[in-house]
Amino acid sequence: MRVVVQQAPFDFGAEAEGFARAAEGMGAVVTFTGIVRDRDGGLDAMEIEHYPGMTQAALTGIAEQALERWALGDVLVIHRFGRMAVGERIMMVATAARHRGDAFEAAEFLMDYLKSRAPFWKKEFTRDGAEWVAARDEDEDALNRW
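Residue numbers (my numbering): 571 to 716.
If you are wondering where the hints come from, they were derived from the structure by calculation, not from laboratory data. All C-beta atoms, glycine included, are put in the ideal place defined by N, C-alpha and C. Watch out, some of these pointers could steer you wrong.
To be verified - Computed beta-carbon distance windows for the label pairs: (1) Arg653 to Gln626: 18 to 24 Å; (2) Glu594 to Arg639: 17 to 23 Å; (3) Glu594 to Lys693: 40 to 46 Å; (4) Phe582 to Ala700: 25 to 31 Å; (5) Met571 to Leu613: 29 to 35 Å.
Claimed, not checked - Below 20 Å or equal to it, Euclidean Cα-Cα: the simulated EDC-like pairs (lysine to aspartate or glutamate) are: (6) Lys685 to Glu708; (7) Lys692 to Glu708; (8) Lys685 to Glu658; (9) Lys685 to Glu634; (10) Lys693 to Asp707; (11) Lys685 to Asp711; (12) Lys685 to Asp707; (13) Lys692 to Asp707; (14) Lys692 to Asp682; (15) Lys693 to Asp614; (16) Lys693 to Glu617; (17) Lys693 to Glu658; (18) Lys685 to Asp610; (19) Lys685 to Asp608; (20) Lys692 to Asp608; (21) Lys685 to Glu619; (22) Lys692 to Glu658; (23) Lys692 to Glu617; (24) Lys692 to Asp614; (25) Lys685 to Glu701; (26) Lys685 to Glu617; (27) Lys685 to Glu675; (28) Lys692 to Glu619; (29) Lys692 to Asp610; (30) Lys693 to Asp610.
Please build the complete structure, drawing on both the sequences and the hints.
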């Protein structure tokens, strides 16, 4: 299991390849990458803030829960903080399992947690100013299914 919280961009291809190569005996590797997107037009950048110790502990705890709930061989979580432009990668989740069902479900669980409960605070910057991003009901609904 590896959990990384970093400011620097990450190389998705290298991370995915390294994770898959290390997944000996596993029949499935699932990856997901979140990207800064401009939903409504006009987004210049997004800034993500966090408390380092709390964030690392929370993400490690949720990765451990995934390992306990599903038959996984490995888990990778990478999440960035700081200022990011539209199109930049924010985060990555990878899961490895003997069977694809466990890998997919665990990856979805991790993504839902990261979207709604991980201790990150997001601020969007547009030409009209800056605004903190509020929690969305659909993100909470997705997490509640677990």
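> Has the given pair, Lys685 with Glu619, been kept, meaning a C-alpha gap of at most 20 Å?
Replying inline: holds (14 Å)
>> So if I understand the rule, the pair passes when the alpha-carbon distance is 20 Å or less; does Lys685 with Glu701 pass?
In response: holds (18 Å)
>> Tell me if the straight-line CA distance from Lys685 to Glu634 falls inside 20 Å.
In response: holds (17 Å)
>> Checking one constraint from the list: CA of Lys685 to CA of Asp608, max 20 Å. Satisfied?
In response: holds (16 Å)
> Lys693 and Glu617: Cα distance at most 20 Å?
Replying inline: holds (5 Å)
>> For Lys692 and Glu708, compute the direct alpha-carbon distance and say whether it is at most 20 Å.
In response: Distance ~17 Å between Lys692 and Glu708 Cα, so the pair holds.
>> Would the hint linking Lys692 and Asp682 be met if the CA-CA limit is 20 Å?
In response: Between Lys692 and Asp682 the Cα gap is close to 16 Å, so the pair holds against 20 Å.
> Is it true that the CA of Lys693 sits at most 20 Å from the CA of Asp707?
Replying inline: holds (18 Å)
>> Would the hint linking Lys685 and Asp610 be met if the CA-CA limit is 20 Å?
In response: Given that 20 Å is the threshold and the Cα spacing comes to 19 Å, the pair holds.
> Between Lys685 and Glu617, is the straight-line Cα distance small enough, at 20 Å or below?
Replying inline: Within the cut-off at roughly 15 Å; holds.
>> Checking one constraint from the list: CA of Lys692 to CA of Asp610, max 20 Å. Satisfied?
In response: With a Cα-Cα distance of about 16 Å, the restraint between Lys692 and Asp610 holds, given a limit of 20 Å.
>> Holds or violated: Lys685 and Glu675, Cα atoms, limit 20 Å.
In response: Given that 20 Å is the threshold and the Cα spacing comes to 15 Å, the pair holds.
Checked against the numbered hints above, the structure breaks none of them.
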